[in-house]
Amino acid sequence: MTATRTIVFSPDQLAEVRRLQGLYPDKRGALLPVLHMAQDAFDYVSLEVQEYVAGLFDMAPSHVHEVVTFYTLYFQQPKGRHVVAVCHNLSCYLAGSREILAHVKQRLGIGVGETTDDGRVTLQSVECLCACEAAPMMQVDDRYELNLTPEKVDRILGELR
Amino acid sequence: MAEIVLMRNFGRQDSHTLAGYRATGGYTAWEKAKGMEPAAITEEVKKSNLRGLGGAGFPTGMKWSFVPKTHTGPVYLVINADEGEPGTFKDRYLLERDPHALIEGMLITARAIRSAKGFVYIRGEYVQPWRIFSGAVKDAYDAGLLGNGFDIVVHRGAGAYICGEETGLLSSLEGKKGWPKIKPPFPAIKGAFGEPTVVNNVETIACVPPIINRGAEWFAGLGTKTQGGTRMYSVSGRVTKPGVYEDSCAVTLRQLIHDHAGGVSHTGKLKAVVPGGGSAAILTADEIDVAMDVDGLKAKGSMIGSAGVVVMDESVSIPEALLVLARFYAHESCGQCTPCRESTGWIYKMVHRIVDGHGRKDDLDTILDVAKRGGGTTICAFYDGAIGPYISYIEKFRGEFEALCRS
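Going down the list, the sequences are from chains A and B. Here the first sequence stands for residues 25 to 185, where the numbers follow the working numbering. Here the second sequence stands for residues 11 to 417, where the numbers follow the working numbering.
Check each hint, because a few of them may be wrong.
As the list claims (entries may be wrong) - List of simulated lysine-lysine pairs, DSS-like, C-alpha gap at most 27 Å:
(1) B/K371 <-> B/K406
(2) B/K127 <-> B/K193
(3) B/K235 <-> B/K279
(4) B/K56 <-> A/K176
(5) B/K127 <-> A/K51
(6) B/K127 <-> B/K56
(7) A/K103 <-> B/K186
(8) A/K51 <-> B/K56
(9) A/K176 <-> A/K103
(10) B/K57 <-> B/K251
(11) A/K129 <-> B/K359
(12) B/K191 <-> A/K51
(13) B/K406 <-> B/K359
(14) B/K193 <-> B/K406
(15) B/K200 <-> A/K51
(16) A/K51 <-> B/K308
(17) B/K371 <-> A/K51
(18) B/K200 <-> B/K79
(19) B/K371 <-> B/K382
Honestly, the hints are just simulated from the structure, not real lab data.
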């Protein structure tokens, strides 16, 4: 891991925070979007990040913490450079998602919730991502990868750096 | 097959652009609506028999009419694009392929309810739909369609099924964890940020421009007596051609599976179908001659919900399918109400035990007892949705569960 980054937004980022806060009748409405920003900027939403964000909203850190822990997309621990999330809900299950997940685990050599030693990939097994027409599927960072086969999974994982 | 209304532009390469939308008559309904009194718009939507297409099936025009006319403060329009019901993917298509249909529908709806601000709550995982829709909103601002009395804020969620429940969504929009709120007060009286709010699904609002353009009678005539229009059915699971198909609300489940989705795949023999998303009670192979509208499925003891159809052929294990859903409900229960928080967890463990071959026959009665007693005891409909599968899978396929249990 690299040295700890300073937990401070740049002036541009702070301007964006203020813009987002101004979009809502109560600035707290911008908390989820700003937490997304914070995760992009600082890699994950550590307790330190939560405290910093709380300051931007004049909120108690505990209230930010209860929000961060409620949602699945905020990481509270360092994550890999890529996040692979295999859907395991009904339609994907019917299309063989268990075999896909087993294949991903084997290829990466890690279990669900773990990150590869080289910090390349964090693996998740998730609920319905609503692309059931193309099951089995998974999300890789911002992208949906559809109609998976073991061969397609190999190609996708091989391209992650 | 019925006329294609909602997916009419999907075949165009430029369907997501303002130019593409305008080329097919886009924003002409908004021009027409600008000359209508707000009450007349609501009346037209009432007469069209449009019902909410997100899950609850509530009459849309009636929902709008609950906003107090005497209210002098802000009124908000909130679009539920937190698509998350297992087996449902239609709103993703609309956001990506016809975002301006939603924007135009929002403009018209906002006029009807006298709202100057709308929020579109898109699930956090939908990054691509969020980007495309945000681009369309920007184009609508640049063209002066937005920013002249009505603004749209595009809001990204952060991963939580419960935020698809309308009051959970409002809590989340306010920057809180997505805990549903006790009703009354209903959102139309006291919703987002404490102000009167109408919460509608993406597809519901995409129906509004065609209703205004072509009239309530035309739209009502596309559906059944109690539900107008066509809708988008998400069909997946063991079918030859999974996909999103538009047809009348009067189409039958058999027609959807066989005429649209190419019939049952794998063994080719139908065992069961989930007709309206994961939370709908399951139907057996001889229950598919049912109209896919709100009342048709209610009469069969299930629900149309979000119209997510998941097909299971003869080779599918019903107990394993229930295990998948039981895990989902245990994971997604927000934890606020005790019956839901505790039962979803325990029922998941019990179904797991049964599937693992360590179950006892009285486990099934325990699950049914717990499920039946918990219905209607919680703040929101999440747990009522969970018991749909618990009860129907076990009651309709009890033999399969018993075969896995120790005697």
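Hint-by-hint comparison with the structure:
{"no.": "1", "hint": "B/K371 <-> B/K406", "result": "holds (15 Å)"}
{"no.": "2", "hint": "B/K127 <-> B/K193", "result": "holds (23 Å)"}
{"no.": "3", "hint": "B/K235 <-> B/K279", "result": "violated (33 Å)"}
{"no.": "4", "hint": "B/K56 <-> A/K176", "result": "violated (49 Å)"}
{"no.": "5", "hint": "B/K127 <-> A/K51", "result": "holds (15 Å)"}
{"no.": "6", "hint": "B/K127 <-> B/K56", "result": "holds (22 Å)"}
{"no.": "7", "hint": "A/K103 <-> B/K186", "result": "holds (24 Å)"}
{"no.": "8", "hint": "A/K51 <-> B/K56", "result": "violated (35 Å)"}
{"no.": "9", "hint": "A/K176 <-> A/K103", "result": "holds (24 Å)"}
{"no.": "10", "hint": "B/K57 <-> B/K251", "result": "violated (35 Å)"}
{"no.": "11", "hint": "A/K129 <-> B/K359", "result": "holds (24 Å)"}
{"no.": "12", "hint": "B/K191 <-> A/K51", "result": "holds (20 Å)"}
{"no.": "13", "hint": "B/K406 <-> B/K359", "result": "holds (21 Å)"}
{"no.": "14", "hint": "B/K193 <-> B/K406", "result": "violated (33 Å)"}
{"no.": "15", "hint": "B/K200 <-> A/K51", "result": "holds (18 Å)"}
{"no.": "16", "hint": "A/K51 <-> B/K308", "result": "violated (42 Å)"}
{"no.": "17", "hint": "B/K371 <-> A/K51", "result": "violated (54 Å)"}
{"no.": "18", "hint": "B/K200 <-> B/K79", "result": "holds (13 Å)"}
{"no.": "19", "hint": "B/K371 <-> B/K382", "result": "holds (18 Å)"}
Of the hints listed earlier, those the structure fails to meet are numbers 3, 4, 8, 10, 14, 16, 17, in rising order.
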